[in-house]
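Enquirer: The lines below spell out each chain.
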Amino acid sequence: MNPRRVDEPTAFVDFLRAEYAPGELDAAAFDQALEQRRARAGRRRQAGVLAAAGVALLLFAAVPRWLGRAPVPGRSGAEVATLATGDSMHLAAAGAAAGGAENAADAGMASAAAALAALDPETAFALGLYALDEPAELVSYLDDDIVALDAAVFGTL
Amino acid sequence: MSFSAAVPLSDSGVNDLEQRFQEFVATHRARAVRLAWRLTGGDQAVAEDVAQDAFLKALRALPKFRDEAALSTWFYRILIHQAHSHTRRRNARRRLLEVFRLERHAAEAPRTPMQRDPGLQRRIGQAVQRLSPGQREVFVLVHLERLTVNEAAELLGKAPGTVKSHLHRALSALRKDLATLYEAAGESS
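Chains A and B supply the protein sequences, listed in that same order. Residue numbering for the first sequence follows this note's numbering, beginning at 1104 and increasing consecutively. Residue numbering for the second sequence follows this note's numbering, beginning at 2 and increasing consecutively.
Watch out, some of these pointers could steer you wrong.
[Unchecked claim] Among chain A residues calculated to face chain B with C-beta under 10 Å, some are:
id : residue
1  : 1114
2  : 1115
3  : 1119
4  : 1120
5  : 1124
6  : 1125
7  : 1130
8  : 1134
9  : 1136
10 : 1137
11 : 1140
12 : 1144
[Claimed, not checked] Chain B stretches covered by chain A per the calculated footprint, using a threshold of three residues with CB under 8 Å from any CB of chain A:
id : region
13 : 81–91
14 : 168–178
Calculated directly from the structure, the hints in this document are not laboratory data. All C-beta atoms in this analysis are idealised placements derived from N, C-alpha and C, irrespective of residue type, glycine included.
Isolated chain A (complex conformation) (with noise of 0.2 Å):
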């Protein structure tokens, strides 16, 4: 006699599949809310990078002013230190609302959020790609905003 194989198919495995099945899948209602969360998703990689672009722009303002040394030709290491503090301030408001509010915590910049108005998202955005070292990136975003904003925080582009 040959023992049952246990991949074998039984009246017991058949009653569990038959049982055991969800009902008919709404697929309309399904790509929509896949499309949905894809957009968030987009708005949350995004609200990363800018944070991300914050604490570069934080960094590399605080990092030369320690060694005594000033980052940009021809500004004083605090006063680049202040500019770059205030922006990343922007950076990650901008960030935590494009994310959308619940993102702001992830964020670590709730606070910051009132100073939103003040830069539109995706400028922000393309300043947190040059802050990232990201210049082929940037030029999709560049335009005027963008190079007088610059301009204002490092003196040059």
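Chain A is already provided as a structure; the job is to place chain B on it using the hints.
Expert: Showing chain B alone in chain A's frame:
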């Protein structure tokens, strides 16, 4: 039956990514949700969340995979991992809730639009959830999703012998756990 559907996909460049993604979702969404539903204990909302998370990961990985079969295998690995993570987090939450004597909330029934007997489904789902993760994954893939032992072994990265061992233990445990339910269902039908 494998998870790798033989769907011809256009591959004429990056601009086709969106179309590839839509085709991939259309091909796999029903099966992905059903697998997630079975792995996570029969909750439709959770199953759709798990499947959508896996699809978003697939979207990001799409440029790396020119071959749809390879993408499918990778996608279902991600889906199984997501379902496992969800179950682990949910179990941890339940344990905490029990500590704080909030079992009432933890024992809420899954939000599932049931077409079958909801009590029966829930009891089967609870029994499946009581299996070890390895046993549960193997049982769902082989017996409920009709993969062969070798296909399940490849998908899970386990040896076929391990899969068979898990399968045997899972079936024994379910038979023991659901014996009265099965007999009652047999008598009533």
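Enquirer: If a hint holds in the structure, say so; if it does not, say that too.
Expert: Hints, one by one, checked against the model:
1. Checking residue 1114(A) against chain B by beta carbon gives a least distance of about 8 Å; that is within 10 Å, so the hint holds.
2. For residue 1115(A), the interface hint holds, the least distance from its beta-carbon to any beta-carbon of chain B being 6 Å, beneath 10 Å.
3. Interface hint at residue 1119(A): satisfied, since its Cβ lies 6 Å from the closest Cβ of chain B, which is below the 10 Å cut-off.
4. A cut of 10 Å between beta carbons decides the hint on residue 1120(A): the least distance to chain B is about 5 Å, and the hint holds.
5. Interface restraint check: residue 1124(A) against chain B, minimum CB-CB distance 7 Å, threshold 10 Å, status holds.
6. The closest approach between the C-beta of residue 1125(A) and any C-beta of chain B is roughly 4 Å, which is under the 10 Å cut-off, so the hint is satisfied.
7. Hint status for residue 1130(A) relative to chain B: holds, with the closest Cβ pair at about 6 Å, below 10 Å.
8. With 10 Å as the threshold, the beta carbon of residue 1134(A) comes within range of chain B, its nearest partner Cβ sitting at about 7 Å, so the hint holds.
9. Proximity of residue 1136(A) to chain B holds as hinted, the smallest CB-CB distance being about 6 Å (cut-off 10 Å).
10. Annotation: residue 1137(A) was flagged as interfacial toward chain B, and the flag holds, the nearest CB pair being 5 Å apart, inside 10 Å.
11. For residue 1140(A), the interface hint holds, since its Cβ comes within 10 Å of a Cβ in chain B; the closest pair sits about 5 Å apart.
12. A hinted interface residue such as residue 1144(A) counts as satisfied when its beta carbon comes closer than 10 Å to some beta carbon of chain B; here the least separation is about 6 Å, so the hint holds.
13. With a cut-off of 8 Å between beta carbons, the region 81–91 of chain B has 0 residues touching chain A; three or more are needed, and the interface restraint is violated.
14. Taking a C-beta to C-beta cut-off of 8 Å, the region 168–178 of chain B contributes 5 residues in contact with chain A, enough for the three needed, and the coverage statement holds.
Hint 13 alone, counting from the list given before, is not met by this structure.
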